[in-house]
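> Each chain, letter by letter, is given below.
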Amino acid sequence: MQTLDLVDADSGVDFGNGVYLDTRAAGSGDRVALLLPGAERAAENATFVESLAEEFSVVVPSHPGFGRSARPDWCTTVGDLADIYVDWLERSEASDVTLVGLQFGGWIALEIAVRRPAQLARLVLVDAVGVKLGGPLDRDFADIFATPYAGLERLYYADTAFGLGDLGSAREDDVLEMARNDEALVLYGWEPYLHDPRLGRAIERIDVPTLLIWGSHDGIVSPDHGRGLAAKIAGARFEEIDGAGHRPQVERAEDVARSITTFAG
Amino acid sequence: MQYWHFSECAYPDLPDPETYDSVRVTLPNGVIDPERAAGLWDRYIREWQVADECGLNVMVNEHHSTATCMNSAAPLIAGVLARVTTNARILILGNPVANRNDPVRIAEEMALVDLLSHGRLDVGFVRGVQYEVGATNSKPFRMTERMWEAVELITRAMRTHDGPFNWEGEFFHHRQVNIWPRPYQQPSPPIWIATGTPASAAPVAAHGYKIATFLGGAKGTRKLFQAYRDRLEEIGKPPAGDDMFGYAALAYTGRTDSEGLDGARKLLWYLQSNKVAKQFTFPPGYMPYSVRAAALRGPQPSGPGAPAVSPLPDLTSMSVDDLIDQGILFAGSAKTVAGQIERFYNEVGGLGHLLLMGQAGHLGHEETVRGIERFAADVVPAVDRVTGGVTV
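Chains as they are written, first to last, in the numbering used here: chain R, 1 to 265; chain P, 1001 to 1392.
Honestly, the hints are just simulated from the structure, not real lab data. There may be inaccurate statements among the hints.
Claimed, not checked - FRET-style restraints, in silico, Cβ to Cβ:
id, chain 1, residue 1, chain 2, residue 2, range
1, R, 18, P, 1175, 51 to 57 Å
2, R, 90, P, 1173, 39 to 45 Å
3, P, 1181, R, 90, 52 to 58 Å
4, P, 1032, R, 138, 25 to 31 Å
5, R, 192, P, 1159, 32 to 38 Å
6, P, 1168, R, 159, 47 to 53 Å
7, P, 1197, R, 72, 24 to 30 Å
To be verified - Here are some chain P residues the structure puts well away from chain R; computed CB gaps all over 12 Å:
id, residue
8, 1139
9, 1290
10, 1350
C-beta: ideal position from N, C-alpha, C; glycine also.
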């Protein structure tokens, strides 16, 4: 059975705690952007990373369990992921770090921001999950595990040409990466589903300038949810990206990068 | 050999399959006519009584959010059978422990059914099928580990009689485990585990539990049982007798071969009505991601999918002859069925329990009863002459 080749201590980047992650670094700017992806394939973010790298030194890890990054047994919660990245921030020589969280990565970014690491200068959330705003009968986040793949692509993208389409004719490695990311999402986000109830209150602790960017056609978590989330974070700004779904950094890479660059000043 | 009559107690009156995506998880329960469902339950329970009256044992299982099985609470039906049967042993195979949140509650249920039946309960455990992670909200990741932790906690709860013990494991937390009442049988009812792959047979052997498998066919079952036997040898335990091995098949016995095959064709509803949408058949985490990726890249099933309990993916498209040939279906006259079972017995290296799905789909009550009665009267003595009776 075909599997992905995972990185190891030699080929991965050391994030401490015995964690070695498949990590992309791009750009040479003075300021660091730590970019936390969601469950999309790493290649989908390529244009966005390049655009962001025009202004920032961008570091993009695949989280433990995602893509080609191994997962230590102890790492089972979004809090564990946040701790790994907080440790990395504290050990880095960086200051004035812009933390960008994409979708599931937005949840991790929220967990990092409530820990208030000194290196964190600003927070950007793109179609982030992690905080439930509705009541028991409200589905804040579409149930991706109960949705057929073809339907999922319509929720993820405004233009489904960005998806893999017919999986039977997709590249095997792409489907493997998607399947491994889905599995990681189950581990970290099955119950409570894609959120942590305590974050709803904890995000009041966020004390850095925050920008929320949302795809106007997000079928997983709606722009209204994004506005509601922005309202709970002191001083947060909200921007909607027209013609983009749940992953605007894929569909409108330059626009999203420009918004972030402008926000960072 | 012990024989166990089994039915999943389907609600068989389904709309045209073209009108729904999945018979599991999403088919609205508005399809059910409550009067009809109650009537079906009357007859299914009566069929278990008939099995008891004929000297057979009875077996129940549970599934969730599916028209293929209206038994959504096996301990409840086992409790009913405890009071309306007399001699039969009652096997729950199984409690889907990785899909249930409270193992201590399961231990309580088992103890209660054991008392209600005056010690006629056999307690079986299964991981739980993948379709039901949605119905139960169970995380489909590390489910085998969760199953084993639950089994350890349940068996300890049934066998501990000197006051509360503490359990703070990876998946379950109870600080005062002290079930009341305790089971009737000591130290506990017999424990079974149903599984499908040779790798999962090893821990069953190591624990000394009975092993059973569903619809795996003679070849697959032989490998599974051999893995169990090999593990016993590796850890220096004595070889297992036939009594440690069980197998579930579809079965119908007619007056003639032709009548037996007619009944069997109706049982195939169970295989052919299991139309399940892909997202429920392959939830991430339930199987290795590489296996799921291969499945996602495979053809979209247009028709029904095979029951998840069987490792044979082409079960639904197999002919009656093929199913009989592979040992998935026992059907024909009593003499023919006895011959098929004898052959299966030899092919798998011996077994002590046959779990017989003698009712499914539209097989009517009278036909079901005739099949059970004929099996008990004519097949059992013939098979026992060959394999020797096993006393439980």
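> Does each hint hold? Answer for all of them.
Status of the hints after comparison with the structure:
A beta carbon spacing of about 32 Å between residue 18(R) and residue 1175(P) contradicts the range 51 to 57 Å that was offered as a hint. One distance hint, 39 to 45 Å for the beta-carbon pair residue 90(R) and residue 1173(P), is violated here, with the actual separation near 32 Å. Between residue 1181(P) and residue 90(R) the CB atoms are about 56 Å apart, so this pair conforms to the stated range of 52 to 58 Å. Restraint check, residue 1032(P) to residue 138(R): a C-beta distance of roughly 27 Å satisfies the suggested window 25 to 31 Å.
Judged by the Cβ atoms, the range 32 to 38 Å given for residue 192(R) and residue 1159(P) holds: they are separated by roughly 35 Å. For the pair residue 1168(P) and residue 159(R), the supplied restraint of 47 to 53 Å holds, since their beta-carbon distance comes to about 50 Å. A beta carbon spacing of about 26 Å between residue 1197(P) and residue 72(R) agrees with the range 24 to 30 Å that was offered as a hint. Distance to chain R contradicts residue 1139(P) as a non-interface residue, since its nearest Cβ pair spans about 4 Å, not more than 12 Å.
In this structure residue 1290(P) is not separated from chain R by more than 12 Å, as the shortest Cβ-Cβ distance comes to only about 5 Å. For residue 1350(P), the shortest C-beta to C-beta distance to chain R comes to about 33 Å, beyond the 12 Å cut-off, and the non-interface label holds.
The earlier numbered hints that this structure contradicts are 1, 2, 8 and 9.
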